[in-house]
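*Asks:* Next come the chains, spelled out residue by residue.
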Amino acid sequence: MPKDQPTLDLSPHVSDEVRKTTCYMCACRCGINVHMKEGKVAYIEGNKDHPVNKGVLCAKGSAGIMQVNAPSRLKAPLKRVGPRGSGEFEEISWEEALTIATDWLAPIRAENPEKLAFFTGRDQSQSFTSFWAQHFGTPNYAAHGGFCSVNMAAAGIYTMGGAFWEFGQPDWDHTKLFMLFGVAEDHDSNPIKMGIGKIKARGARVIGVNPIRTGYNAVADDWVGITPGTDGLFILALVHELMKAGKIDLEYLAQYTNAPVLVDSETGLLMRDEAGKELVIDRNTGKLTPFDQKGVRPDLSATHRHAGITHKPVFHLMAERYMSEEYAPEAVAERCGIPAERIRGIANEIARVAFEESFELDQEWTDFRGEKHEKMTGRPVSFHSMRGISAHSNGFQTCRSLHVLQILLGTVEVPGGFRFKPPYPKPATIHPKPHYGVTPGKPLDGPHLGFVHGPDDLALKPDGTAARIDKAFTWDNPMSAHGMMHMVISNAHAGDPYKIDTLFMYMANMAWNSSMNTRGVIDMLTDKNEETGEYVIPRIIYSDAYSSEMVAYADLILPDTTYLERHDCISLLDRPICEADAAADAIRWPVIEPDRDVRGFQSVLCELGARLDLPGFINEDGSQKYADYADYITNHIRKPGIGPLAGWRMGENSLQNGRGEANEAQLDAYIENGGFFVEHIPEGANYYKPWNMAYQEWAVGMGIIDKPEPYLFQLYVEPMRKFQRAAEGHGDRQPPEHLRERVKATMDPLPIWYEPFEDSAVDVDEYPVHALTQRPMAMYHSWGSQNAWLRQIHGHNPLYLPTNLMEKHGLKDEDWATVSSTHGSITVPVMEMAALNANTVWTWNAIGKRKGAWALEEDAPEVTKGFLLNHLIHELMPPKGDGLRWSNSDPITGQAAWFDLRVKIEKAANPPSESQPAMPPIKSPVPAGPKELKWKLGQ
Amino acid sequence: MTTLPTSTQKKLGLVIDLDTCVGCHACVVSCKGWNTENYGAPLSDQKPYGGDPSGTFLNRVHSYEVQPDEGAAQLIHFPKSCLHCEDAPCVTVCPTGASYKRVEDGIVLVNEQDCIGCGLCAWACPYGAREMDAAEKVMKKCTLCVDRIYNENLPEEDRQPACVRTCPSGARHFGDLGDENSDVSILVAERGGFDLMPEMGTKPVNQYLPPRPKDTMEEFDILAPYLEPVAKDAGGFLGWLDKALDKLPGNSAGGAN
Amino acid sequence: MHPAPSIILFTTLSGFGFGLLTFLGLGMPNYTGFIAFVFFAIAYVLAVGGLLFSTFHLGHPERALKAFSQWRSSWLSREGICAVGALIVMAIYGVGRVFFAQHWGIIGGIGAILSLLTVYTTSMIYAQLKTVPRWNMPLTSPLFMALAITGGALLAAQVKIAIFMLIFSAIIQVAYWVMGDGRLAASGTNMETATGLGHIGKVKAFEPPHTGTNYLMREFIHVVGRKHAMKLRTIALVLGFVLPVIFLLLPFGHIFALFAVLCHIAGIFTSRWLFFAQAEHVVGLYYGKR
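In order, the protein sequence lines correspond to chains A, B and C. If you use our numbering, the first sequence corresponds to residues 1 to 939, in order. If you use our numbering, the second sequence corresponds to residues 1001 to 1257, in order. If you use our numbering, the third sequence corresponds to residues 2001 to 2290, in order.
Hints are not guaranteed to be accurate.
Straight-line alpha carbon distances no greater than 20 angstroms define the calculated DMTMM-like cross-link-like pairs of lysine to aspartate or glutamate that follow [to be verified]: (1) Lys-2066(C) to Glu-1152(B); (2) Lys-907(A) to Glu-807(A); (3) Lys-2202(C) to Asp-1158(B); (4) Lys-1247(B) to Glu-1228(B); (5) Lys-2202(C) to Glu-807(A); (6) Lys-54(A) to Asp-1158(B); (7) Lys-2204(C) to Glu-274(A); (8) Lys-198(A) to Glu-1157(B); (9) Lys-48(A) to Glu-579(A); (10) Lys-2202(C) to Glu-579(A); (11) Lys-294(A) to Glu-274(A); (12) Lys-198(A) to Asp-1183(B); (13) Lys-48(A) to Glu-1152(B); (14) Lys-931(A) to Asp-1052(B).
Each pair of labels, with its calculated beta carbon distance range [what the hints assert, rightly or not]: (15) Asp-1069(B) to Ala-2186(C): 43 to 51 angstroms; (16) Glu-906(A) to Arg-2226(C): 29 to 37 angstroms; (17) Asp-1069(B) to Glu-17(A): 40 to 48 angstroms; (18) His-2002(C) to Lys-812(A): 21 to 29 angstroms; (19) Ser-1007(B) to Asp-16(A): 57 to 65 angstroms; (20) His-2002(C) to Asp-597(A): 26 to 34 angstroms; (21) Arg-1212(B) to Asp-597(A): 39 to 47 angstroms.
It is worth saying that the hints were derived from the structure and are not from the lab. The beta-carbon is built from N, C-alpha and C at its ideal position, and this holds for glycine as well.
Turn these sequences into a full structure, and let the hints guide you.
*Replies:* Below, the structure written as structure tokens:
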């Protein structure tokens, strides 16, 4: 040590203890090491052993410490004392809060359970909350998937038994071309970043298809700045080029998909034998045969002639459709905003990598026909996509197109392609169907949400009206697999299909960024019946950990804990954390105890369930069954041998994984293991999972499926044809007249593209510009703004305009512009962005805040310069003059069509002092935060 | 002592890959978290919930749009922290000796007990690597996590700067840039790593790897090499299909039934 | 650069103070006793007052003594040493003048040199900074020295020297501005070298690292200064040089001399404000701002 350098302690004390739990700063569910000093949180870092993040952690995760000390944390149960929206509350005891809730809910359950609408937002305990709702007996339960990404999930499950993110991931170790569609910056956040880093280090190519070149698209080797809403058309042009060149995997299509299955040319339904098995022609014999027989070589080409009628295989129909010039690059280029030469270049690159760079893994496996394969053939092209292509009114068919493209290339569940994560693959047929059978005082007749397979499965009352308040599973949107949270308040307010009594919500900021038409939703929440003076939605119970905008609009607040103060399970029954090579689940546990009078919402439901005598929440003697959520996680048995957590279950002689009885020490075992459990898929079982008997048997052993369920990928989705056929006039259940043509047109069993509804509903000459939002990587929904560190990164959100629009409107950076849709207008600051589709504007999502919320001061930039695009988007389409309420959503799944928005832009002549519309402040239920932070425990 | 050492035993530093940085700010916040709790005074925040929140950060991620002569504009994320320069002007201007460059590894540090908070070192730094903490009134800067990289209380694999350990896309690399055989030096040599503001003569240790060329995929007017049509229309396609199926392993001739 | 009042007051006042001390050390004006005391008092109030103002800029003035240690590398440390040396030597010389009516020529000469050296070291604190091209140039030190001598001559009532120096300083001042305006461009530092991305194309700042402000932006980016630069330069020239010369050329009177001094001081404050406010730190390039 040189004498004039100070002596440094190079090994200072790091922490007293490291507690390992699961992050909840977004939905990614990474493992975290929480370093503790003096019993408090000193530092948070990623857990290197964790299957999701392998040690890395994003900005949100590292900022967790500022979430746990945020002044916005609610402190005690609250009862509203002023008018709704005023923010006037009084603190009450938990006993009083639970008594009020019980007094409101017990009569509903006894008389008409459908009068309760229970919707949870960014809930990671859906298998629990849905269980509660099912036992309450209301049909009105869902989480937030309907306004998030149900198109992607449902299209994936109907097509191939899973989609992206929780369902599957690219084969990062082998892929050589990775194509990313749409906005995905916080979905599967760290794994995607890790994957991109990994493949780029290897020299693999990344293609980003997105109107906006930020984040992943910024590092993509090639950026395709597509026009919003035209992704499906672009994908089908790729399909056109690849089919025309024969660059498709014929063997894969013949063996593992319904491409060779014969379509009855009279009905459009698949031809089946008596046992219901799809029929193909065996190329060995030329005979009709069920697809799954040993030795069968399904023929993609042969047709079947019977009684003077020729029945063609699915693949013929696909060739006829996609070879058509309608999908030629030249025909779509202008609409997509991508030159035909570029489309062809991309198709060429896909063809080259898929077929010239294919490779083999020396790994034997046996398929469901009993046939042994010596090797696994890799097709190193993979895709990922989330909300960007989903949140359009043509989103379902667009997502279907993408899945079909992957399948045509033979790159799903093969080395180098897209791989499922357990419990997926899981075909739509083994998921539950929706249940809506209500009996007063009794549980619902089954799980709320599921997959319909034809008109008979729709959730319709005998009079044909919707059984559910959100009108999920109706002719408006038959395949709404995740429910439609964004329609609940609007429908409940309109009394369409019926009135409700109590709206019960969890972690859903409906009075602000989680609603389309924010102003309108606020009005609905505060609207009173003129005659009775009662609120139109009479009672609202809300649970949140923080002082969100929604708090002010509830009558009773049940304050939740932060994520470091609670138990949770990230369960295989729900949205688990599995990897393509492993099944995994995880827990959260209270690494610190709350310093306020708050309780984990799930624990509250355990007690409320018992107070309401819900079967499943009481013992035979009527006493409370689960003391709290930890008790439920440990002891709940969903079906024999299966509980919320798969690790360390009690076997006959020892602990075992997957199936087994409850183990009182299970949570301790998880904590000991770092908060998670992983069971690897054996070698040879980890590719071709839908058809690989080794995988199927392993999955049965793990309790993921009850028996082997090999299946064919559904290029042709027969249930869609059934709905379409009903619209053509077949069967007892047919769509109402006003929907008949739409069902016929959109429920095509093979992917199609149609113009987003908004484009035909508004005058695109008057509203020529597309407007989008993206979520920044360093913020999650509305949560980030209460975080002292994150809000410095994104304290406000300019509207980004492409250079040509800046020039056209005479705008400079930091000028203000008025942006209008047919529904509303906002006046906001603008910034120029060159790397942007020339006809698109965008902003960061959910940065704008209401005055008085989130314990921010009233001059916070989130309030003065931040804004929401939500004010421009309505949950309904503009009236067509037919007296009907047409929702602004996908006609198949009901997914909110956030990204269909069309706007016009004008320079604001007199810039306002704050972003407009500026809403009056709400009174904060929590005190203001400190003026300075010097957060340090150790000295 | 604010005269610079004539040489250092190692040149520890970072290599930042502008080709893979997705701009997620993970490094920014993990740095804030570690360095608030560890070396020296906490990194304070003023008006943390108010109108003009502002705090001390040792690492910040900029972003730039670059417009090539032809083709689409590119967006490049650009993390920036202290570059631990060999010829560090921030050190020599310090009147008290609080700023110094370690002889062992070349890390530039501030000894906060000696810092009078004059700010001259921040003026001398061309990179904006030093920030005066508004609460403690001493100069804060990246320490290259000197309290992590040798810390025997941490597992060996964790002995790297917090920003490197947390970076999800692997865009940050840590090592001895004075050793030409180190992984980081090899990476710099292979990828053409560069100095920021070389004309300043500061000889930064940290290196930046340039983004790889973008938007280079070939476009095709008609004839794409891997897209040679097998047929003109659906009818021709089915004819090709029949023949192609014959060529698949294990298949004999089939046909219409 | 942020024009911090403490630094403007420090550099300006101490410049006048040490300028006056320089003249006093050379025996100009040649007073003793009480009148000498008044001159010395003015010089010390300015010099020491300026130094005191400089401590307002420090986060930890209580540690200021540490600043004398790094004279081998730090101009700020050298400035402190020179300033203290000048003040001590001139105090001895002043005692001789005031109480003993003595002109200790060698001590006065040393004091004068140290006083000028102090101004020079102050100027070098700025002139050494490559990060601020407008300061990092040959005219920065001459400007500081010329202004100190001019101010000193005015305060020391050396009319002829003052008139000469006012004209001379005005020329340097104008030259400094003219040269300064081209310095950033001439430095070769720009967004392309700052980011190393120039080989791809034209670089433009997109999102800043944080939407809010920070120390660097507050300290180094001052757009307002440049907006009014031409107006303020005119004011500085007229107040600092033109009017004092006119006042001094008028038939001599104390009132006009006082006007000349006050105008000059106001002009130099303006010039010094511009010296900071107009200076672009290269860090601004990372923010797409200057």
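*Asks:* For the pair supplied as a hint, Lys-1247(B) and Glu-1228(B), confirm whether the alpha-carbon distance does not exceed 20 angstroms.
*Replies:* 18 angstroms, holds
*Asks:* Does the alpha-carbon distance linking Lys-907(A) and Glu-807(A) stay inside the 20 angstroms limit?
*Replies:* Holds - the C-alpha atoms of Glu-807(A) and Lys-907(A) are around 11 angstroms apart, at most 20 angstroms.
*Asks:* Does Lys-2204(C) pair with Glu-274(A) here, judged by a C-alpha cut-off of 20 angstroms?
*Replies:* Distance of about 68 angstroms is beyond 20 angstroms: violated.
*Asks:* Is Lys-48(A) close enough to Glu-579(A), meaning Cα to Cα at most 20 angstroms?
*Replies:* Given that 20 angstroms is the threshold and the Cα spacing comes to 15 angstroms, the pair holds.
*Asks:* Within 20 angstroms, alpha carbon to alpha carbon, are Lys-2202(C) and Glu-807(A)?
*Replies:* 18 angstroms, holds
*Asks:* Kindly confirm whether 21 to 29 angstroms is satisfied by the beta carbon distance between His-2002(C) and Lys-812(A).
*Replies:* Since the Cβ atoms of His-2002(C) and Lys-812(A) sit about 24 angstroms apart, the hinted range of 21 to 29 angstroms holds.
*Asks:* Mind checking the hinted window 40 to 48 angstroms against the Cβ distance between Asp-1069(B) and Glu-17(A)?
*Replies:* At roughly 57 angstroms between Cβ atoms, Glu-17(A) and Asp-1069(B) fall outside 40 to 48 angstroms, so the hint is violated.
*Asks:* Given the hinted pair Lys-931(A) and Asp-1052(B), is their Cα-Cα distance within 20 angstroms?
*Replies:* 11 angstroms, holds
*Asks:* Are His-2002(C) and Asp-597(A) spaced within 26 to 34 angstroms by their CB atoms?
*Replies:* Violated: the Cβ-Cβ distance is about 47 angstroms, outside 26 to 34 angstroms.
*Asks:* State, for the Cβ atoms of Ser-1007(B) and Asp-16(A), whether the hinted interval 57 to 65 angstroms holds or is violated.
*Replies:* The hint (57 to 65 angstroms, Cβ to Cβ) is violated, given that Ser-1007(B) and Asp-16(A) are roughly 40 angstroms apart.
*Asks:* State, for the Cβ atoms of Glu-906(A) and Arg-2226(C), whether the hinted interval 29 to 37 angstroms holds or is violated.
*Replies:* Between Glu-906(A) and Arg-2226(C), where Cβ atoms are some 31 angstroms apart, the hint holds.
*Asks:* Need the status of pair Lys-2202(C), Asp-1158(B): alpha-carbon distance at most 20 angstroms?
*Replies:* 39 angstroms, violated
Of the numbered hints stated above, those contradicted by the structure are hints 1, 3, 7, 10, 15, 17, 19, 20 and 21, listed in ascending order.
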